[in-house]
Structure formats: structure tokens, C-alpha cells
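K.L.:
As you go down the protein sequences, you meet chains L and C in turn. Final position of the first sequence in the numbering used here is 264; the numbers increase by one with none missing. Final position of the second sequence in the numbering used here is 396; the numbers increase by one with none missing.
Check the hints yourself; a few may be wrong.
[Said to hold, decoys possible] Straight-line Cα separation of at most 16 angstroms, EDC-like style, residue types lysine to aspartate or glutamate; simulated pairs:
no., chain 1, residue 1, chain 2, residue 2
1, L, 252, C, 70
2, C, 266, C, 202
3, L, 178, C, 201
4, L, 178, C, 199
5, C, 153, L, 89
6, L, 172, C, 201
7, L, 172, C, 199
8, L, 128, C, 71
9, L, 252, C, 71
10, L, 137, C, 70
11, L, 133, C, 202
12, L, 165, C, 72
13, L, 16, L, 233
14, L, 183, C, 201
15, L, 137, C, 292
16, L, 252, C, 72
17, C, 129, L, 116
18, C, 129, L, 89
19, C, 153, L, 60
20, L, 165, C, 292
21, L, 172, C, 202
22, L, 165, C, 202
23, L, 183, C, 199
[Said to hold, decoys possible] Which chain L residues face chain C? A few, computed with CB under 8 angstroms, are given here:
no., residue
24, 34
25, 45
26, 112
27, 125
28, 136
29, 154
30, 197
31, 201
Read the hints as simulated data drawn from the structure, not as lab findings. Just so you know, even glycine gets a beta-carbon here, dropped at the ideal spot from N, CA and C.
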Amino acid sequence: MKNRFLIIPGKCTLEKVSNCDFLFPLQGFCVGMSQTFSLESIPDCSYVYVNCLLDSIQIEEFQKLLPLFPKKVKGIVFEDLGILNILQENHLHVETIFYGTHAICSSYTANAFLQDVDTVILSNDITKEEIEKILQKVTKKVGLYIFGHLPYMYSRRTLLTNYSKHYSLDYKNQRIVKEQFSKQEFLVVEDAYGTMFYDTRVFDGRVFLEKDVSYFLIDLHLENISSVKNFMDDFLRGKDFPNSTDGFLYRKTIYRLPPKGGAK
Amino acid sequence: MIELLAPAGDLEKLKFALLYGADAVYVGGQNYSLRANAKNFSLEDLHEGVLYAHLLGKKVYVTVNIIFHEDDIFGLEDYLKELDKIGVDAIIVSDLYVVRLAVILGLSLEVHLSTQASVLNENAALFYKEMGVKRIVLAREANVRDIQKIKEKTGLDLECFVHGAMCTSFSGRCVLSNVVTNRDANRGGCAQVCRFTFDTDESPCFSMTSKDLNMISYIEEMIHVGVNSFKVEGRMRGIYYIATVILAYRRIIDKILTHSLTDFDKKYYLKVLNRVANRESAPQFFKELPTEKEQYFLGREEVSNQDFLGLVLEYDEKAKKVKIEQRNYFKIGDVVEFFGPDMETFSYTIHKIENDLGESIEVANHPNMIVYLPIDKPLKKFDIMRVKLFDKDEDL
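Kindly generate the complete structure, drawing on both the sequences and the hints.
P.N.:
If you want it as C-alpha cells, here you go:
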């Protein structure tokens, strides 16, 4: 079966594109998205996205949407496992796609989740070699994030509001901040939920396009494109995207520092 | 069950934490723990620590809370079995694979879900309860309502951080360290990039450093809404910090449980905690979302604390002399105070100092030097001498 694409739309027309489904960030249940959608406003039988942890009020609000699920929701990509519990308790048969932020870095973890969900999206801070090993060992197909501004951190704090209030500056969302030593830039996006840090460059993971996966996730919400169809044509034809990054695909992280005085 | 849970970076800290009133400690082994660059515990250390704790009727939990990569799994199963054999009371885990593995292995130790999983609602808690988790360390972002709802709907043991450093991000949802320093935050290498400063297109630097957490004024309410375990952060902290913080929370909890807590106690221990901290603190998310007042704007703003003057090694009842290992400079004429787990804090003016040759000296100015002070009140090994903080009867 051909791989399918899940596309988080940007500010563009939502035209039907072959082999693609839109993934709609759900209003009131996301952080750091430039646009979100109410369940009423999206087409029937859609995929919806909940990219953050939900507190006890939000989880109650989420449960109020359940009557609309059979009609509106074909599948859900989610971070909070409370959603899975609710879907199971209510016997709602929607496709469950767990995308825990930085949560799935091994086939063991993936398989642990795959006992309860239909598929998972692998973490985006692991190497290409690690991804390839995982793909060989998972018990069901898993998904890969292959395009978009990599999300690196999210907070419940409204960090841009706090910054502007502290210094009495005019409030400005979507600020670019640059870490002083590494010069690494981040795009900071804030909303009522909190704050998300993204890479300012787009991640290009097309190196995986031939892999047999459940879904390729493409995040266009910060992209300035007018047509998803044109974008996908360019994407699949191998067009170069300026200011792109391969993220951690070829960059293995460490976690133990060498002993003082240098590595031995 | 109400439990005071302390961090312990090594065996010495474990003993101090338990002596100063912790009911349990959490420690990291040499693998699979989120403080990869701390000293941590070998299996032999763990064995000794567990024996020590169990002799006191207390518990030891071991963090196995990294997010595992493919190559990290090797040895995990044997390690978990070994922890079980040693008698560790619980493991604190965040990776679902470890939860399932612990259950499959039929270990007798409990599985506690780490705050790295950032549970905020009752449904997420129920998911993990089904998996076999006995206790959840809630997200630091959980507020009083979240805690109450989770308790009501799950009946699970709930553990909440009450004191110490905060991440800016949800725990486990941050790889800024990976990006900026190549150190994997979710495997114990976090470089705390959220305490760095950032340039923007406007002149003031952007910073997001959180002030610390301090819940001493809310312990009673936390008990009321169902929190079972009160957790202090700080496996990298020293014995003075651990002794001071743990003793403050021990006294507060005991007074709550015996209905003898006064406003004076609350103010006094808040002042003690503020003094020992190297950052300002706040209740953070418990009542409402934090604002700009709960964070710093110039990156790290920390002060070192030199209140810890000496550690009591022994007390000579006959000679009425206390043997002290120096930790910070003190001299004749200084007004200091002694505190310990089994005594009321009292102040003392130093009028004589002897070195280990019995010679009178004016100052104790060498780290770890051994000195003797004449003192009538009996002291015990592991009591602590510190700078006099403030009078108990002064206006707090």
C-alpha cells in the first residue's frame, strides 16, 4: 500500500490532493499553531490534531466534542494519553495516532504503544540510523515527521507576554530569538495555552520517502504557500527548499559528559 | 499515607535526607537516570542505601526515567531484576516500554510514573493505572483542580514536587539542550538551555528562566486534595540544602498532621527556605498560571550560600565539647546556630575554638578542618552548625 501523507495546513486553500489527508489542529487543544479549526468547521471524516497535554478542564471540554466524532473524525493524532483512554471508554472507533513529543525513540517504546494505538509518529530528535533500525523492528507500521519547522520545546508559560510585560515592550508574537553562544535561532510562537519553540529552518526528511510507513507527517502551518497541491508536486519532485535542515538525522546526541580533563 | 520524599545524589545525602526527616528518598543508578552526570549510585551503593533506609522503616525509589533509544535497552532487564533483588521499593519511570517490562517481569517493586510523562488529567492517569502504575508523579504544571480530579477519579497514590528547580518546558517536552549543546535532555544530559539568554530584534535579551518552586504555604491544602507524597527536587544539591529543606517540610507536615501548625511556623519555615535557596521561589502553577513575576529575565540569577559553617562529627559529654568539620569560615565572636533532626534549633556565640592539637585558634578558615567548640547542650553526629539566620521571636 502506498504511503499516505498527513498535512497540517497553512493559510492556504484546502484543495484535495491525491494520497493526502489534512490534519486539522483542533481549536482549544493545541499549542503554537498558527491556525486551529473547530470540529464543526472541518470536513466530515477528517483527521484532527491535539499536540499538547490537556489539563482537567481541557479534558472535560474535549469530552464534550465526542458526539461529533463519529461524523467528523476519521483519525486523531494526539500527545495526551488521556485522549486514548476517553476514546477506549466511549468505544469510539477512530484511528489513533500517538505523537508524543520526543517520546518514541526506540522500537521497544514504539511497540509498547502499538499495543494500544493504531500507529505512532516517531520522535524527531533521533538519527536516521536509529529510525531505520526502528522501522525494521516495529510490530505495526509507524509514521514519520518529514517536513516542517521542528518543534523543540513547549511551555505552559506565556513567555512572549511575560517578556513584553517585564520590559514594557509592545507585544509581538512569532518572535525570533537567538541563543547567544551557539547563535541557534528559534521561532517562538505563543497562544492562550502557552509557548512553542520551533526551528527557524524547515526540516527536510525526504530521505525517507521510499520507506514503508503508516504516514508521513507534513507541517505547513508556518509556511507561506498558496497551494498544497503545488507544494506537494514540488516536494515530491525533489525541489530544493532554502534554509532547510536535516535536524538530528546525522547528529547523534550525547548525554554523559567526558570526565574533567578530557575524554579517556 | 503522607510521605516526605527527598533527593539523594549519593549515599551521604541519602543518610542525611533520611535522618533529617524524609520518609523516602529517590536516587539515580549509574544508568538510565536523568542526572547522567551526577555521582549516582552503583548497585553496591544501592544495596547499602536500601539496607540503611529499611532499617529506619523508610523507602528507596530508583529513577529509571530516561527516554530509551535503541542502543540504551541493553542490560535494562537485568538491571530491573537486580533492583528488585536488592529490595528497592519502587522505580520511577517515564518510558512506556519500561512500565510494561516491569509488569511482565513480575517484579515486586512498585512502578511510579515519572513527572517526565507530565500527567495533567484523570484520563491520562487512568491509562497508566491500567498499565500497572501504582503512583503518578504529576506534572509540575498540575494545579489544585487537576490534582483533586485525578485523585477522585483514579484513587492512585499521587506525588507532587513541592520544592526546587523548575523546567520552563513541560518535563520531557524539550530538546533545546539537544539542539544547542548536543546533550540529550531526555537521557540525562540537559544543559538547562532555558537558563541561557537569547538575543532578539529588540534591545533587552530574551530569557525564560523560571524561579524555583516553593509550596510550603500550601502543604495543608495539598494534603486535603489528596497528595500522598511531597517531593523535593535536587539530586545535585549538597547535604546542607537537603538537611535544611527536608527538616523544614518535616516540621510543617508533622504540625499539620497534629493540628498544631501556626502562622508563625509558616512564616518562619518560609524564611528558612528562602535563606537556603540560591534563587527566588514561588508556588508556580498550583493556583494559577505563572506570570512574568515567576521568572527571571537575565538568565541565571543565582547566589551562593555560605551559611553552612560546620558538620557535627561527635559530642564529648564529659568534656562538653563538640567536634566539628568546618565547611565555611567562622571565627571567635560569631553568633551561630545549631540544628538537627532531634532538637530545637538554638543559637550560640563562639567564644573559643580549638584545633585538633588542642590549641586555641581565632578562626576556622580551612575547608574541612577539624575544630572543637565548648558547648553545654548535647549535640549528635550529623547535626549542623550554620550562620544564625534570625531570631525565632523576631518579627517575621
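K.L.:
Given the hinted pair residue 137 of chain L and residue 292 of chain C, is their alpha-carbon gap at most 16 angstroms?
P.N.:
46 angstroms, violated
K.L.:
Is the interface hint for residue 197 of chain L satisfied, with its Cβ closer than 8 angstroms to some Cβ of chain C?
P.N.:
7 angstroms, holds
K.L.:
Can the hint on residue 112 of chain L be confirmed by a CB-to-CB distance to chain C that is less than 8 angstroms?
P.N.:
4 angstroms, holds
K.L.:
Decide if the proposed pair is consistent with the structure: residue 137 of chain L and residue 70 of chain C, CA atoms, cutoff 16 angstroms inclusive.
P.N.:
10 angstroms, holds
K.L.:
So, residue 125 of chain L near chain C? Judge it on the closest CB pair being under 8 angstroms.
P.N.:
Cβ of residue 125 of chain L sits 5 angstroms from chain C, so the hint holds.
K.L.:
Need the status of pair residue 172 of chain L, residue 202 of chain C: alpha-carbon distance at most 16 angstroms?
P.N.:
Between residue 172 of chain L and residue 202 of chain C the Cα gap is close to 11 angstroms, so the pair holds against 16 angstroms.
K.L.:
Does residue 201 of chain L pass the interface check with chain C, least Cβ-Cβ distance below 8 angstroms?
P.N.:
11 angstroms, violated
K.L.:
Between residue 129 of chain C and residue 89 of chain L, is the straight-line Cα distance small enough, at 16 angstroms or below?
P.N.:
At roughly 14 angstroms apart (the allowed maximum being 16 angstroms), residue 89 of chain L and residue 129 of chain C satisfy the hint.
K.L.:
Take a quick look at whether residue 178 of chain L and residue 201 of chain C sit within 16 angstroms of each other, Cα to Cα.
P.N.:
The given pair, whose Cα atoms are some 9 angstroms apart, holds under the 16 angstroms limit.
K.L.:
Hint check: residue 172 of chain L vs residue 199 of chain C, CA-CA at most 16 angstroms. Holds or violated?
P.N.:
With Cα atoms ~15 angstroms apart, residue 172 of chain L and residue 199 of chain C stay inside 16 angstroms; holds.
K.L.:
When you check the alpha-carbon spacing of residue 178 of chain L and residue 199 of chain C, does it fall within 16 angstroms?
P.N.:
Holds, at roughly 5 angstroms.
K.L.:
What's the verdict on residue 129 of chain C and residue 116 of chain L, does the C-alpha distance respect the 16 angstroms limit or exceed it?
P.N.:
Cα-Cα ~14 angstroms, so holds.
In summary, the structure is inconsistent with hints 2, 11, 12, 15, 24, 25, 28 and 31 from the numbered list given earlier, while agreeing with the others.
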